[in-house]
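Participant: Line order of the protein sequences matches chains S and X. The first sequence begins at 1 in the UniProt record's numbering and counts up by one. The second sequence begins at 1 in the UniProt record's numbering and counts up by one.
Bear in mind the hints are in silico, worked out from the structure with no lab data behind them. Because the structure is a prediction, the values reported are computed rather than measured. Ideal Cβ placement from N, Cα and C applies to all residues, glycine included. There's no promise every hint is true.
[Unchecked claim] Short, incomplete list of chain S residues facing chain X, as computed with Cβ under 10 Å: (1) Thr61; (2) Phe187; (3) Leu188.
[To be verified] Every beta carbon over 12 Å from chain X, so not counted as near; a handful from chain S, in silico: (4) Val50; (5) Leu108; (6) Ala125; (7) Gly135.
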Amino acid sequence: MKPWLVALAAIVTRENLRFVRQRGRFLAALVRPLVWLVVFAAGFRAVLGVSIIPPYQTYITYEVYILPGLCGMIQLFNGMQSSLSLVYDHEMGSMRLLLTSPLPRWWLLFSKLLAGVVVSILQVAVFLAIAAMSGITMPPVGYVAVVPALLASGLMLGALGLLISSTVRQLENFAGVMNFVIFPMFFLSSALYPLWKMAESSSLLRDICALNPFTYAVELIRFALYGELNLTALVWVSASFVLFMLAALWGYDPARAMLRSKG
Amino acid sequence: MARFALALLPAALLFAAPAFANKVFVTNERGNSVTVLDSQSWEVITTFPAGNRPRGITISPDGKELYVCASDDDTVRVFDAETYKELHTLPSGPDPELFALDPSGNPLYIANEDDNLVTVVDVRTRQVLAEVPVGVEPEGVAVSPDAKTIINTSETTNMAHFIDASSYKIVHNVLVDQRPRYAEFTSDGKKLYVSSEIGGTVSVIDMSATEPTIAKKISFAVPGILPEWLQPVGVKATRDGSRIFVALGPANRVAVIDAATDEVLDYLLVGQRVWQMAFTPNEEFLITTNGNSNDVSIIDVKAEKVIRSVQVGEQPWGVVVTPD
């Protein structure tokens, strides 16, 4: 068991070190949701309050509504960023070194995934602290309950990143990933508007949002921030995680890669 | 066995706790009913019919009789606060809107919006004791803590009238901003707050001077909200004299005011078109009626936070809580 944990610790530490040393990346990860919070939410203030939907018990301002979605956004970008770093490692050869380890490949990939999730939780924690300082606070229990929710949603989004990195062979293609994965996932979810609001403009749009796993990641985080469990969201997030993880493992299967290089 | 029984004791106490809850009565202006809520679970207990266009609502000091202004019935309906049965009606004059009960529980001072009168009614004999001519469209009524002065605000004359409670004569008039809606004394009777819906201000009237004079006018500003939406209506002062709460109508906000400096400290987001308010007896919570969203919002007074909003009937207007 010990070498497994050593490998896990090493990968998590490397990922965290990489994150802390790359100040620019740390700032970018924070500035992005903060810009949304300050500029977008302010421009769309809904000063007269957003209608009551669970888990909220009363009227809220838009800043309060958008906060869980921005936590999800941090994790979504982070998941993609991890996948970017995998592609980078792939190109630079450091992944080859990692994958030659005698430990099973799924464990190494899972460690890599978990390392990214830990980084994303740190980012969310700093973001929530800044939001709290500007007056957007949650009940105290929410700050504890949100950690397991962030773990689940982070794993799901990270697994999606892994899956994508198994198909993207070159760094240059990453911009495409941004356009075709991050933006539709973020905009076609409950991060910016509640589903009932989407239904007002088009029921098709609402249905797409209701199928988007990112919607459930956001809702899981939203309910957890109020100390509540949204079981539907947990089931969707877990099922999506398993699906993405299996597909990513299949994508990273050396036998398949061998076949392809021969063909 | 004894230990088992002992273990159950805290649980039993816990279940007994709701017995200390108070009932919250909300008049639904368009629903023609009164919604009854529990002040601990905030669940709706029941809804009962209350005549046509019920608006002002108050309760006797012993908590037994509920008085409701049935504006379109031109009468005040009296209900049993336990059984919700209508006991009788009181003569009120036409279109009663708001009223105030003497601290002793009798008489009742009623503002008659349509014929420019304040009607004084004995709630025991059900007789009209006096009709005091006031300004045009009388609305707010307040009784000073010493029960010696009755305040009436007239919406069109833009005045607060000070009526002597023994002679039923107007002794002073104070001009305030447009459309004065509501008047509220501090518990020591030294200050009187009068809200002006269209003027957008709350006038602070100093009662300790030889003649009542306006000491300050509180105005409001919420970023992103048009000034004309800031329409102060209901006003409530805490007993300890620390805070004043002002309902700001279509701004969907309740302003929190430091009663020592009369400066606005914060604005709390509540439901749509917030109108009247009432404290629970221990002043732990403040309940606001939100006319356009058909709900009431509950404010945690100490934390100065809105904890939840609960659906009631159509167009909630007035609210009162049973005393302990």
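Participant: Run the C-beta distances from alanine 125/S to all of chain X and say if the shortest one exceeds 12 Å.
Facilitator: Given that every Cβ of chain X is farther than 12 Å from that of alanine 125/S, nearest at about 23 Å, it holds.
Participant: Please check whether the beta-carbon of valine 50/S is more than 12 Å away from every beta-carbon in chain X.
Facilitator: violated, 9 Å
Participant: Mind verifying the non-interface call on leucine 108/S? Its CB should be farther than 12 Å from each CB in chain X.
Facilitator: Leucine 108/S is indeed farther than 12 Å from all Cβ atoms of chain X, at 48 Å.
Participant: Regarding the hint that threonine 61/S lies at the interface with chain X, is the smallest CB-CB distance below 10 Å?
Facilitator: holds, 6 Å
Participant: Does the closest beta carbon of chain X sit nearer than 10 Å to the beta carbon of phenylalanine 187/S?
Facilitator: violated, 24 Å
Participant: Quick check on the hint: leucine 188/S CB to chain X CB, less than 10 Å?
Facilitator: Interface hint status for leucine 188/S: violated (28 Å vs cutoff 10 Å).
Participant: Using Cβ atoms and 12 Å as the threshold, tell me whether glycine 135/S really stays out of contact range of chain X.
Facilitator: violated, 10 Å
Hint check: violations occur at hints 2, 3, 4, 7; the rest are consistent with the structure.
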